[in-house]
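Residue numbers (our numbering), protein chains in the order written: chain D, 1 to 181; chain E, 1 to 146; chain Y, 1 to 117.
Do not rely on the hints blindly, as some may be mistaken.
[Claimed, not checked] Simulated pairs of lysine-lysine, BS3-like, Cα-Cα distance not exceeding 25 Å:
id, chain 1, residue 1, chain 2, residue 2
1, D, K84, Y, K48
2, Y, K105, Y, K21
3, D, K114, Y, K49
4, D, K114, Y, K48
5, Y, K114, Y, K48
6, Y, K114, Y, K103
7, D, K84, Y, K21
8, Y, K114, Y, K21
[As the list claims (entries may be wrong)] Partner residues aside, some chain D positions facing chain Y, computed with beta carbon under 10 Å:
id, residue
9, A27
10, A28
11, A67
12, L119
13, E155
14, A162
[Said to hold, decoys possible] Derived DEER-like restraints, expressed as beta-carbon distance ranges:
id, chain 1, residue 1, chain 2, residue 2, range
15, D, G107, E, I67, 52 to 62 Å
16, Y, I109, D, G154, 26 to 36 Å
17, Y, K49, E, R2, 50 to 60 Å
18, E, V10, D, L2, 34 to 44 Å
Simulated from the structure, these hints should not be mistaken for lab results.
This one's a predicted model, so the numbers in the text were calculated from it and none came from an experiment.
Even for Gly, the Cβ is constructed at its ideal location relative to N, Cα and C.
Residue-level listing of the chains:
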Amino acid sequence: MLELYLLLAVMLAAAVVASETRNLLAAAVALGLVGFSVAIMFILVQAPDLAIVQIVVETLTVVFFTAVILRTTEIDTTVTSGLKMETAMFVAAFLAFGGLFLSLIIGVLQELPKFGEPLMRVAQDYIQLGLERTGAANIVSAIILDFRGYDTLGEATVLFTAVVGVLTVLRLAERRKPGEF
Amino acid sequence: MRGMSLIVQVITRLMVGMLLLYGGYIVLHGHLTPGGGFAGGVLIAAALILVSLAFGSVEQVERREYILSSILESSGGILFIALALAGYVAADYFFRNAGLYYIGKPLQMVSGGIIPLANIAIALKVGAGLFAIFLALGASRFVMKE
Amino acid sequence: MIPYIACVLLFLIGLYVVISKRNLIKIVIGFSLIEYAVNLFFALVGFKKGALPPIVTQPEQVRMGVARHFVDPLPQALVLTAIVIGLSTTALMLSLAMRLYEKYKTFDISEIRKLKG
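Extracted from the complex, chain D is given alone in its bound form:
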């Protein structure tokens, strides 16, 4: 599991770089690094479906960010050098909140089964009955398209709504004459 810990460290370092840098294109590239290390971690936990989807989705995310940044501006004008008093106080307050959050959530995470030994009560039935009920050898496909098909229908609806939303927001507003609605 050494590779998993190294990849987690790379992911956290890239996340810090993505949030603090002044150049927005560098932030988009650092976000791509976070996404690709998540994809390699998906391979290490034996989930090849998720790894394929995460790699292509991460590529498209970086392309979308770059398209928007190159059409507008690529310098972040709010990052100033030097440490102001209000940002230091905000960071201290957030660190206190983060410490409280972590201490509470460690108590919750100890109730989960140990990392590497999941309880698979429902999944045992899916694995036993998956091939003969649906005829598909890929159990994840059998789950998302047969056993839990409603979730895929909901996802198709969300994707359709997002496409309609983007195409509506970026429409060129026509000039209205005064007095016309």
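Given the structure of chain D, go ahead and fit chains E and Y onto it with the hints provided.
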């Protein structure tokens, strides 16, 4: 949108066929190997975005591409709902799979009942939708003028 | 336990970026970091040490009831749609950010709050 240099155009012309073929392979074998409709659909959208970036396009071509991709996306959605309703009409309940379609021998390509058809519908929807989003975000002028 | 804590740390970094940064693109990056953290947490819950990916290659063994060790496929099925939904949400937020830039010529939210009309 301006195109890119000659080297990029030559390599794109060589690679696009293979990218679309690989995306179709991932979609059609979604019930046998890892992948499925989502991965293949996004990969097909990425191949179309590569063509659009490398060769550039003028406004009339972008408008035609936008209309075509919106028709394809809606037809993918209608196909998915039609497959689900066909299970409702012909058999017991919504999305019913077994007993209606050809289950077949496992590990063959024509097997799995409704699952390959649903994969194709999902790939159409996701691929065309993401390409329409890219045209709206990155095109030279805004796509719709009314 | 340590991978779970790293996911929670990534979630906290994303939350800090959403709350305290003043640039719109940085806020969208923060939302993206939150989504990656949640998806990774789900996928890590279903891991089984020394097991195989959930693809059946020998149907006789599964049918007889001698199921080999497989990784839990249920969290993977849930995360698969969540990744694509995350991409569409990011695209919608980016389109809103671009429209705001077209109108106010800046990404700074304190400037946008001041300028009216």
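The hints, checked one at a time:
1. D:K84 - Y:K48: Outside the cut-off at roughly 47 Å; violated.
2. Y:K105 - Y:K21: holds (18 Å)
3. D:K114 - Y:K49: Roughly 11 Å between the alpha carbons, so the hint for D:K114 and Y:K49 holds.
4. D:K114 - Y:K48: holds (10 Å)
5. Y:K114 - Y:K48: Status violated; Cα separation ~53 Å.
6. Y:K114 - Y:K103: Holds, at about 13 Å.
7. D:K84 - Y:K21: holds (14 Å)
8. Y:K114 - Y:K21: Since the Cα atoms of Y:K114 and Y:K21 sit roughly 17 Å apart, the hinted pair holds (cutoff 25 Å).
9. A27: holds (6 Å)
10. A28: holds (8 Å)
11. A67: holds (8 Å)
12. L119: This hint holds: D:L119 lies near chain Y, its Cβ roughly 9 Å from the closest one there, short of 10 Å.
13. E155: At 4 Å from the nearest chain Y Cβ, D:E155 passes the 10 Å test, so the hint holds.
14. A162: Hint holds; D:A162 Cβ to chain Y Cβ min 4 Å, cut 10 Å.
15. D:G107 - E:I67: 52 to 62 Å: Cβ of D:G107 to Cβ of E:I67: about 55 Å, so the range 52 to 62 Å holds.
16. Y:I109 - D:G154: 26 to 36 Å: holds (32 Å)
17. Y:K49 - E:R2: 50 to 60 Å: With a Cβ separation near 52 Å, Y:K49 and E:R2 satisfy 50 to 60 Å, so the hint holds.
18. E:V10 - D:L2: 34 to 44 Å: Hint holds: Cβ distance 43 Å, inside 34 to 44 Å.
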